Every structure is written in C-alpha cells, then in structure tokens.
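Sequences and hints are given; from them, build the entire structure.
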Amino acid sequence: MKELFQDVLKMKEVRGLLFLTPKGEIRFSHFIQNNKTDPEDIDWFSQLAEQLGSVHEAEFLFDWARLYIRNSRYGILLIWAKLNANMAMIRLNCDVSLSNWEQSSQRKPQENRRGGFFRRR
Amino acid sequence: MPKNILIADDDQELLLVLKEGLEKYKEEFNVLLAGDGEAAIQKLESSFVSLVVADLKMPGMDGFSLLAQISEYYPDIPVIIITAYGSSQIREMVHQNGAAGYLEKPFMIDDLVQEMRSVLQKEAEGGTLHGISLPMFLQLIDMEQKTCTLRVNEKSRNLEGVLFFRDGELLEARTGTQHGEKAVYTILSWDDVLISIQNTCSMKEKKINRDSQAILMDAMRVKDETQADAEDGLELIEEEEEEDQESIQAAVKDSAHSDSETNIETVQSHIEYRMGEKSGVLDIYQDDSHDDILYYGRLLGETLSGGSLHLSFIQDTTGGCKFLIPGHNTTVVSVEPNSPREKMIQVLQK
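Protein sequences, first through last, are from chains P and H.
Counting from 24, one number per residue, gives the positions in the first sequence under this note's numbering.
Counting from 135, one number per residue, gives the positions in the second sequence under this note's numbering.
No lab work stands behind these hints, which were simulated from the structure alone.
Since this is a predicted model, take the numbers as computed values, not measurements.
Don't take every hint at face value.
Partial chain P-side listing against chain H, Cβ under 8 Å, derived [claimed, not checked]:
1) T60
2) P62
3) E63
4) L71
5) V78
6) F85
7) D86
8) W103
9) N107
10) L115
11) S127
Don't be surprised by glycine CBs; every beta carbon is placed ideally from N, CA and C.
Spelled out as structure tokens, the structure:
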C-alpha cells in the first residue's frame, strides 16, 4: 500500500497520510511525526466520512500545519503537511495515487476470474 | 511527567544502546533520537524538548553547529556534549560555546543520567506553580521587573511553551513552531497550566518589540474569542442532547449578530484591496451549514498537534468552491472554481 502513495509520502513537507474507505475505516496510515493520539485510535472517522458527503476536496489551515482531504468513491485521502507545502503538487500526487488505487483494485477481481477460468479448463 | 530528551549521534548502535539503557528511567525521561544535527533541529521544531545530548563529531551539522543553532533559537534548552575525542581543550571550548554539560565516551548510562538530572534541576530552580492564572502571574513578573524563563505546561493536552523575561520585559516566547507574539497568544489561551520557573534568562535579543502589557491585553482578547468559538463548536454537538442549550446558542448568536455585518464588510474590503477583481469572489455571507466539517477539521488539528484552525477551503462535487472563516458565525466566501486558491488563502489568513 505504501508504494501506491510513495509520490505523496516522499514530498519533504508531508508529515503523514491516512487513507480511509468511503465509510471511514482506516485502510492505510503512515506518519513521520509523533502524535499525541495515534490516528489509528480515532473512532470518529465514520462521522467525518458522513459529513464529507458531497465534498470533493477540503483544506484546513492551522497554526503550523495544513490538512488536505480528497474525497472520492474509492476512499478518503487525508494528507497532513507543513504550512509551506506545495499544495498543487500534493493535489496532483493524490489524483495519481487514487488513480493507481483504482487500477490496482480493478485488477484483482480480473486476476481471480482468470484463475477460475483456467481451473475450469 | 517524563521530560523529552533528544539524543543526536550518527552512531546508530550507540543511539540504540542509550535508548535501551534509559528505558529503566522512562518515568523520568522520554528519549527522542536523531541521526545528525539537521535531524535534531527538525525534532526540536516538532517536539517540546527539555534537554539535548549531542555528539560533537557528526556528518553535516556537527555538535558545535548544533549547539550554536540551539543557543540562537532555543536558548532555554540545555545541551550536554558527548565525545570520543575528549581533551581539556575540547571541554573548555564546549563550555565556552554554551554547553551545560560534557561527557567523554565511553561513559556509563548512570553517569549520563546523573549529568542530565543535574542540568534539568535548573529548569525549575525557582519552583513550580499550578492552579494559578498565567496572565495574572505575568503581570506580577512585569510589576516586579523579574528576570526569568517560564516553562508552561498545559496538562490536559500536554502542550508546552516557554516565555523569556528580562527585568519584567517579555523578550520572546515559543511553543511548537510558533515564536514571538503568536506564541504568547497561544500559551496564554491555555487553562490549567503548570508553570516551572528558572531564575535566569538565556535569551539575549528582544524579539518581541511591543509593550508586554499591550500584548497581554491582546492575548486575553484572543483567548476570549477562541473560547467563544469553542463554545460554538461544543453547542453544535450537544444540541440534540441538551435542548436548553438552544436558548444559550440563540443568545450567543444574537450578541454576535451585530458583528456579522462588520465581519462580512471587513473580509470583502480586505479581499478587494489585496486582489481586486482577480479574486473571483461570488458572494460573502455567514452560514453555519459547514460547521460540522469545521468541527472535525479542528479535532484532527488537535490530534495531530497542528494548533488552532484559521481557515478552510471546500470544493463540492459540482465544482462550487468556498472558503470558510471560523468564528462566532462562520463567514463563507464563495468563489469561482478558477479563483487563485493559494493567493486567496494568503489573503484570508491575514
């Protein structure tokens, strides 16, 4: 999973990434900073996912960090970055990552079907 | 509460040995590791460190450079230098450069612990206070023209900050990556604090140029506003459970109503002045329909130690774009999809 998001994660200003299912369950989490609470212990991501509803993307600016949220039918991507992060690059890399995710998730069922076909023969 | 100790050394094996060796003192020290001077500076930016233990010879930024950086930007953080190339001259040079301690390798873990304890004792030599109002205490420092360094710990969220005073004058403040006045506002917004007093001030330069009393007054105003925002958020989630809250909410909103038009006008004139027609602004109004999203944004900001939320941007699936400015009533700036987002963020953050 980390490989899918490597373009985002290797950006210098990116401090962490969370990838959630559309319902808010954690699929992948990677942080390079110490957090007061482990993001994996957060139990309100489902409420956040519900609130995002028709939101395509959102950005939050804090005192010393910014949060980028990309909502798609494949899941919700949250990027935690320094304030000086190049957001255009982050947005681009998120699009690429989600597209890669889409391709890899579509590929798996096809491989299974092919396996079944050979077994029948 | 254990103190954060940052150990910087390019010898990975030694780092692991020290980490393991200090494990039995985990109630006293929380060990952070850095593989070189630059990594140490990054850790200092992201964590509140009480003491640095640094090797003298490291690739890139060596111990002396690290010591110089810490003296310049984090003068309250003591540094213990460790080295395998010890001599009396090196020891003298290390102390001249401002190190609080010096140890030659190889050393026993207990020697390091003893050195760390003796250095850290100075952190609270003037005593610790808790259950006291920080603004009132700062006024006392001003009145008594005291020279000191205050370490402030907000216990419930485990946040820490430092304030430097010379002859009652506030020279500098720091919390997280915030420095100066902004850090003062943040620190003064904390409740239930533990204050450790050090009777010296290692900050040489006055980095806050405004009068201390004026800053204190401003900080209290910011605190009041922040509390009002928090109350708004709290009311939002408790609405269903406590119907009585509705009347309080209405009262708060009524009292804020007179400010609403002013806020819209201020935002509008600010955008027009800074960006003119290039802003792509369609409408500016106040609307609380996005407050739930702002609430979860704030929660994430707190969880990941990002500080206070200042601004949000939302694009919906139909392409509609809005900037949300949190406050008593959320101010919404609706813009065209091709509005220059980064430029607008810069403008609206001010």
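Hint check results:
no., hint, verdict
1, T60, "holds (5 Å)"
2, P62, "holds (7 Å)"
3, E63, "violated (11 Å)"
4, L71, "holds (4 Å)"
5, V78, "holds (6 Å)"
6, F85, "holds (3 Å)"
7, D86, "holds (3 Å)"
8, W103, "holds (5 Å)"
9, N107, "violated (11 Å)"
10, L115, "violated (14 Å)"
11, S127, "violated (24 Å)"
Hint violations for this structure: numbers 3, 9, 10 and 11, all remaining hints satisfied.
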